[in-house]
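Engineer: First residue of the sequence shown? That's 1 in the UniProt record's numbering, and the numbers climb one at a time after it.
These are calculated hints, taken from the structure and not from any lab test.
Even for Gly, the Cβ is constructed at its ideal location relative to N, Cα and C.
Check before you lean on any hint, since a few could be wrong.
Label-pair restraints from in silico Cβ distances [unchecked claim]:
#, residue 1, residue 2, range
1, 144, 206, 44 to 54 Å
2, 116, 265, 20 to 30 Å
3, 226, 108, 25 to 35 Å
4, 108, 252, 16 to 26 Å
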Amino acid sequence: MTEPSTQQPRQSPPPPAGSGGTVPLDSTAQLLTRITAQLGTQLSLVSRNGTRRPMHRTRPSEALRPSDTLRPSAAPRPPVAPRSPDAPTLLVVAHGSRDPQALRTVLALLDRVRDLRPGLDVRLGHIELNRPLLPDTLDGLRGADAVLVPLLLGRGHHVKHDLPAAAAAAPAVRTRVAAPLGPHPLLVEALYGRLVEAGWDPADQGSRSAAVVLAAAGSRDPDSAQDTRRTARMLAERLGVPVVPAYASAATPTVPAALRALAARGRHRTFVASYFTAPGRFASAAAGAAPRTAALPLGAHPAMARLLLHRYDQALSATAPSEMVSLLASA
Numbered sequence: 001m002t003e004p005s006t007q008q009p010r011q012s013p014p015p016p017a018g019s020g021g022t023v024p025l026d027s028t029a030q031l032l033t034r035i036t037a038q039l040g041t042q043l044s045l046v047s048r049n050g051t052r053r054p055m056h057r058t059r060p061s062e063a064l065r066p067s068d069t070l071r072p073s074a075a076p077r078p079p080v081a082p083r084s085p086d087a088p089t090l091l092v093v094a095h096g097s098r099d100p101q102a103l104r105t106v107l108a109l110l111d112r113v114r115d116l117r118p119g120l121d122v123r124l125g126h127i128e129l130n131r132p133l134l135p136d137t138l139d140g141l142r143g144a145d146a147v148l149v150p151l152l153l154g155r156g157h158h159v160k161h162d163l164p165a166a167a168a169a170a171p172a173v174r175t176r177v178a179a180p181l182g183p184h185p186l187l188v189e190a191l192y193g194r195l196v197e198a199g200w201d202p203a204d205q206g207s208r209s210a211a212v213v214l215a216a217a218g219s220r221d222p223d224s225a226q227d228t229r230r231t232a233r234m235l236a237e238r239l240g241v242p243v244v245p246a247y248a249s250a251a252t253p254t255v256p257a258a259l260r261a262l263a264a265r266g267r268h269r270t271f272v273a274s275y276f277t278a279p280g281r282f283a284s285a286a287a288g289a290a291p292r293t294a295a296l297p298l299g300a301h302p303a304m305a306r307l308l309l310h311r312y313d314q315a316l317s318a319t320a321p322s323e324m325v326s327l328l329a330s331a
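Use the sequences and the hints to build the structure in full.
Structural biologist: Take a look at the structure:
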């Protein structure tokens, strides 16, 4: 809302003698003009579907001032928070971790998403270990539309089974499940940024002694391993040096084994890229194996916020169930 004008209000002329102190009314033309202007301002705040437009969507000249209302004595309304009443909720689904830094990191990432798209309802649900748990968040969205965007880096059990099962168990919420974050060029951008923060020198591009280990959580699902290998290839193209995927569990090679293999090939200037969305047990184990400072998890990197919104928009554009199946298979 705009600030009330500081200009002194125009004083009405004194009542004519013998009028008994009554202030003369405006002429009919003046009254109609004022009512028309006020109605035009009010109608500018109404969408085509009949709902009231949020104040943040109006131009400054369209925002009502207290002096513009039909009831001048009414108290000024508080500012209206930006919101998008017609957009489905973006429900970010994180895995969860006992590391207290994990939740703080995810919340910071969600704040970045809100900054990029003011007014969008952005909420959080965890698969396990942290509150709010996904079923509880879905329960708070009864009667609403939501897009579940996994804060997960590849296709695996959680994406293929846990998220669809949670959506099916919440029939009161109209849900869509987005594709996992990876592989995607925005992930490579975030990985590259974290490596530079950890000491990677862009001058090492093409070096015969440099290499990177892409440390991931690991999964028994072959699609998950395929997604990680694809991200490693994309990162190798960006860095100009070999990038070897390694895993903290469920798959091989381990991070120490990958480092030893690179050293045997003469790659002694090695870095560990942390292919984790947030701090946690696996990320700490991978960092502990690094010969020098390991890159931080992807966390609240700006590219991660953009990628969450990209997956959200992508899910909204896939309107048919068959399109969603294709999206999950090819992401």
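Engineer: Next, verify each hint and record whether it holds.
Structural biologist: Consistency of the hints with the structure:
1. 144 with 206: 44 to 54 Å: Given a distance of about 52 Å, which is inside 44 to 54 Å, the answer is holds.
2. 116 with 265: 20 to 30 Å: violated (41 Å)
3. 226 with 108: 25 to 35 Å: holds (30 Å)
4. 108 with 252: 16 to 26 Å: violated (33 Å)
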